[in-house]
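For reference, the chains in residue letters:
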Amino acid sequence: MSTTTIKPSGGPGGKPARSALQGAQLPRWSPYVIALGSLAVGCGIGLAAGLDSRIQWGLIAAVLFIGVSYALATTVEGGRQAKDRLATSLVWVTFLMAVVPLASLVYETVKRGSEVFSGYFLTHSMGVVADDEPGGGVYHAIIGTLQQVGLASLIAVPIGVLTAIYLVEYGRGKLAKAVTFFVDVMTGIPSIVAGLFVLSFWILILRFDFSGWAGAMALSILMMPVVVRSTEEMLKLVPNELREASLALGVPKWRTILKVVLPTAIGGITTGIMLAVARIAGETAPVLLLVFTTPLINTNPFDGAQGSLPLYIYQQYQSGNQAGYDRAWAAALALIAFIMILNLVARGIAHWKAPKTGR
Amino acid sequence: MAKRIDVSGLNAYYGSHKAIEDISMTVEPRSVTAFIGPSGCGKSTYLRTLNRMHEVTPGGRVDGKVLLDGDDLYGSGVDPVNVRRTIGMVFQRPNPFPTMSIYDNVAAGLRLNGSYKKSELSDVVEKSLRGANLWNEVKDRLNKPGSGLSGGQQQRLCIARAIAVEPQVLLMDEPCSALDPISTLAIEDLIGELKERFTIVIVTHNMQQAARVSDRTAFFNLSAVGQPGKLIELDDTERIFSNPSVQATEDYISGRFG
Amino acid sequence: MDIPTDTPPKPSPVRDSTPSTAEQKRNARGATRPGDRIFLGLSRGSGIALLAVMAAVAAFLAYRASVALSDNTGNFLTTFEWDPAGLSTDGKPYFGIAVLVFGTIVSSIIALVIAVPVAIGIALFISHYAPRKLATPISFVIDLLAAVPSIVYGLWGAIVVAPNLTGLYGWLDDYFGWTGIFSYEGGAPRSLMTVGILLAVMILPIITNVSREVFLQVPKMHEEAALALGATRWEVIRMSVLPFGRSGIISASMLGLGRALGETIAVATVLSPTFLIQASVLDYGGGTFAQNIASKFGEADEYGQDALIASGLVLFVITLLVNGAARLIIARRKEYSGANA
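Top to bottom, those sequences are chains H, P and E.
Those letters in the first sequence? Residues 1 to 359, per my numbering, in order.
Those letters in the second sequence? Residues 1 to 258, per my numbering, in order.
Those letters in the third sequence? Residues 1 to 341, per my numbering, in order.
For reference, chain H alone in the conformation it holds in the complex (with noise of 0.2 Å):
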């Protein structure tokens, strides 16, 4: 049989291929060439037609790659390899549009977060400060949210830990199952409703006053689930023949868990607590709810209000004048900064203690 006279397999070319196999195709370099025109022209067209909005050119510009790349391949490549085509650049659009934000955010906090940041607001507080005077600074929030946090890890990390230990080493039955549907479920609590429900039963209902520790207890709420569910994944990571080689010594099942189980998953299970810390400190809401706030320094998280640092930069943006607003970025800075820290430093030690599994 001659090459000749095998229908053609591509889609609708209808141009003379030189053998069956070959289709048509675009350039390699021509999604690099259509992305940078389309940037080109929709930042001609943004110019030109006076569109403020660099959102609006960045749109202009997806619609233009997507387009010219869906047209180009659909006169050159045939409509399967132009759908192909088009799924690939939209999942490109979509790529970097969660990119952007993420720039965006990292850029515009260290931008206006740096106009006032520096040691002085790191060690001074609000206290003789009007709001829309500048000056000023954090110190008050900081320890505030310091204490809160620690507090809060005081309570979760125990019960969190422990309860991930009797899911793994222990659990069974249905108390198990109803504890790991709950995990799950807790998981999705918001964190405002955390804030209700100590304010409910504690200020409400016990009659004690907005504390440092009221927050403390409501964050904690939040951290149990996040700590369970990390610690669980890392204890299933240690093989079984650790456990049972351990067993088989002689060694009863508490001192396995104490002196091989957890040893050997302290790493995975540190980085899980500094994660969920992270995510916690950054919460506002319950913080709002129960804390309060004072821009004075107060050191006993047991006694009367507290700064917080989340807490500071809603306030600061609500005060609504430029001052509040150069130090609600600046204290954006610092949580920001603080958080992205524990994060690389959580993930560096998972990293640098991860179980050598084949993984």
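Bear in mind the hints are in silico, worked out from the structure with no lab data behind them.
Treat the hints with care, as some may be off.
[Claimed, not checked] So, partial list: chain E residues that the calculated Cβ filter (under 8 Å) puts toward chain P:
1. 33
2. 173
3. 221
4. 222
5. 224
6. 225
7. 227
8. 228
9. 229
10. 230
11. 231
12. 232
13. 239
14. 240
15. 243
[Stated by the list, open to error] Straight-line Cα separation of at most 30 Å, DSSO-like style, residue types lysine-lysine; simulated pairs:
16. 220/E with 83/H
17. 133/E with 144/P
18. 127/P with 220/E
19. 18/P with 92/E
20. 195/P with 220/E
21. 133/E with 236/H
22. 236/H with 220/E
23. 259/H with 236/H
24. 83/H with 296/E
All residues carry an ideal CB built from backbone N, CA and C; glycine is no exception.
Dock chains P and E against chain H, hints included.
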């Protein structure tokens, strides 16, 4: 409907590891060619280079020539999608699309290649299922999911799916290794019928199977673990199993190693 | 669950050298040694404590909510006002959640409509499109996106994003204003649409991460089946990856929805707190459950706080249902894929 494959100087790599080295052979149209050899000798890798499936594996790379009636599969401007459409493949484990019905499984390849009329599509589905000796078993439940069939039926469904698009060549990668003896027999009978229409290449671990179904047999071997696999000899099946020209082939056939 | 003590004892030499299986079982359950008993008690107690906390949350919220609802002169579900102090009704509390239900649902739907396709795109990008060297750093970037606190999102949304949306809203008004939904009178775009866009960015990571996990689990052989038929990359995704991942995408979206429903401070920062329902999603105003609690809490007296708790209870129940459903879908999918593996 069937084409000749000419391979010359073919090497395939996984990253920096060379899996097969310098293979040259001709696969005759309308015949069954079996690849045999010890595990790890690269026969499955080689099979996957024949329809450009090897490069799907991360790090997979090929150099050399594979000519399908003179057209180089690895030539510039060749779309691997067209290659795979022209050279069908059946895998070691039956892999019907789990979310599709039996009918949709067979029609899947056709639907990719443009619009068909409903009656046209039904005709092709029936023809392909008949071709795969499966029609009588499934004609009453074409709308049931393909994953509900037995392993042997699933594998024949996969064959029906592969032949529905009328490929030039059918590659089979140990198609019976996951099946029981009765299903294996059904597939072997089917291969005998299919070779009237297609060029068939089959990788098998089972030497009796190679002897039963193939017209020509290629023996692959590797000099040591970690070394690339090589083609030792290719000849008529009868000759390979009775009077091979290379000592290693005879050792392998007679069960002295491998 | 694959718990070590659960598995039937295999006749392995290691197992044989331990005490009898019966004793081992007793150790696992009742525990004979004091140390074991204490440790089991502690860990099981923690699990129970966790359940107790959940029950307590529901119970206390319900109790305080009932206090508030018993004095409410409005219909809690249909009243358009939020006036627990009774400023306009001679001191009789008059409040309802109609506006909050509307605002919460509309903003969450906008968030889902934007976030789900984008998240699926990113998940596919990581699992099937990105060069292998890029995939890990991208996952890391997505994780960082998840780690940004919501107050920072709020600040960024209010000061950076919102002013940039006026142009876009003008467009929408020009072309789709006739629908009523997209009419825009100008002014600060502190609207449900802006909230939805911001929420979309915030729930992107969770939807992306869950979908990506599912896409990566698609068995190689299903993808190869499509490839061998001559499918393009997109066709492989359409034939093998998306059908396999469908339930995963659904549950991921529901997890994202749960997060969007309960988001408080970012919404409170961006949304102009005007308690009203309007057809246009672009004009400022509206309210969500969580945002309303945060914004009204400052000036609420004790009864006002109880009223807010009542609305919080509704939010709690809704998120509980949404998250529970999502988890059930995931759990069922696990069994299903396990049986097929």
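With chain P as the partner, please determine if residue 228/E meets the hint condition of a C-beta pair closer than 8 Å.
4 Å, holds
Holds or violated: residue 133/E to residue 144/P, with C-alpha atoms at most 30 Å apart
Judged against 30 Å, a Cα distance of about 41 Å means the pair is violated.
Do the alpha carbons of residue 220/E and residue 83/H lie within 30 Å of each other, as the hint requires?
This hinted pair holds, its Cα atoms lying about 23 Å apart.
Given residue 224/E as an interface hint, is its Cβ closer than 8 Å to any Cβ of chain P?
6 Å, holds
Let's test the interface hint: is any C-beta of chain P closer than 8 Å to that of residue 229/E?
4 Å, holds
Straight-line Cα separation of residue 83/H and residue 296/E no greater than 30 Å?
51 Å, violated
Quick check on residue 225/E please, does its C-beta sit within 8 Å of some C-beta on chain P?
This interface hint holds because 4 Å falls under the 8 Å limit.
Distance restraint between residue 259/H and residue 236/H, which requires alpha-carbon spacing of 30 Å or less
Given pair residue 259/H, residue 236/H holds - Cα atoms ~16 Å apart, limit 30 Å.
Per the CB criterion, is residue 231/E less than 8 Å away from chain P?
6 Å, holds
What's the verdict on residue 195/P and residue 220/E, does the C-alpha distance respect the 30 Å limit or exceed it?
28 Å, holds
Residue 133/E paired with residue 236/H [C-alpha distance capped at 30 Å]
Roughly 28 Å between the alpha carbons, so the hint for residue 133/E and residue 236/H holds.
Double-check residue 239/E for me: the hint is only fine if its C-beta lies closer than 8 Å to a C-beta in chain P.
For residue 239/E, the interface hint holds, since the closest Cβ of chain P sits about 6 Å away, which is under 8 Å.
The structure fails to meet hints 1, 2, 17, 19 and 24 from the earlier list, while all remaining hints are met.
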